[in-house]
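The opening residue of the sequence shown carries number 125 in our numbering; numbering runs sequentially from there.
Pair ranges (Cβ atoms, derived):
1) Arg211 with Asp264: 34 to 40 Å
2) Arg260 with Ser189: 32 to 38 Å
3) His247 with Arg130: 19 to 25 Å
4) Arg152 with Asn240: 25 to 31 Å
5) Glu255 with Ser189: 27 to 33 Å
6) Gly151 with Arg211: 16 to 22 Å
Rather than coming from a laboratory, the hints here were simulated on the basis of the structure. Small disclaimer: the values here were computed from a predicted structure and weren't measured. Ideal Cβ placement from N, Cα and C applies to all residues, glycine included.
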Amino acid sequence: MGEALRLADVARQAGDVPVGAVVVMGGRIVGRGFNRVEVLQDATAHAELVAMAEARSTLRTKILSGCDLYVTLEPCAMCAGAIIWNRIGRIVIGAMDPKAGACGSVMHIPAHPAMNHRPVCQHGLMEDACEGLLKRFFNDLRCQP
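Produce the entire structure from the sequences given, and follow the hints as far as they go.
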């Protein structure tokens with residue numbers, strides 16, 4: 125999660141919402157990503173999707189069985205769906221998202237009985253640091269003239 129937090133800060137410095145993600149297999153990071161939505165003007169450029177794309181490229185595979193995803197903010201519905209399709213085994217989440225979270229907050233897509241793959245979701249790893257980075261970012265945004 126430490127590397128995901130570092131990547132979230134890269135997003136913040138670029139003017140994007142500070143969310144970072146890493147894909148880990150066998151204790152080794154195989155994919156990294158941070159939000160690039162504002163920079164690329166692409167609503168799909170979420171940290172999780174970027175990290176999973178890099179992991180697929182690194183591993184030269186279309187699915188990520190045996191991998192874990194560490195992300196600083198609870199994935200949205202789009203990312204939760206992509207996580208399922210990529211067959212990620214476990215999602216480790218820093219901060220929950222009570223407005224748009226789809227891994228336990230607003231809804232819980234990975235646990236839906238209709239899904240043919242159900243990754244395990246764990247919440248709260250380095251939660252204070254993850255929440256703090258987001259709160260500072262949005263507070264700074266509100267304080268800008």
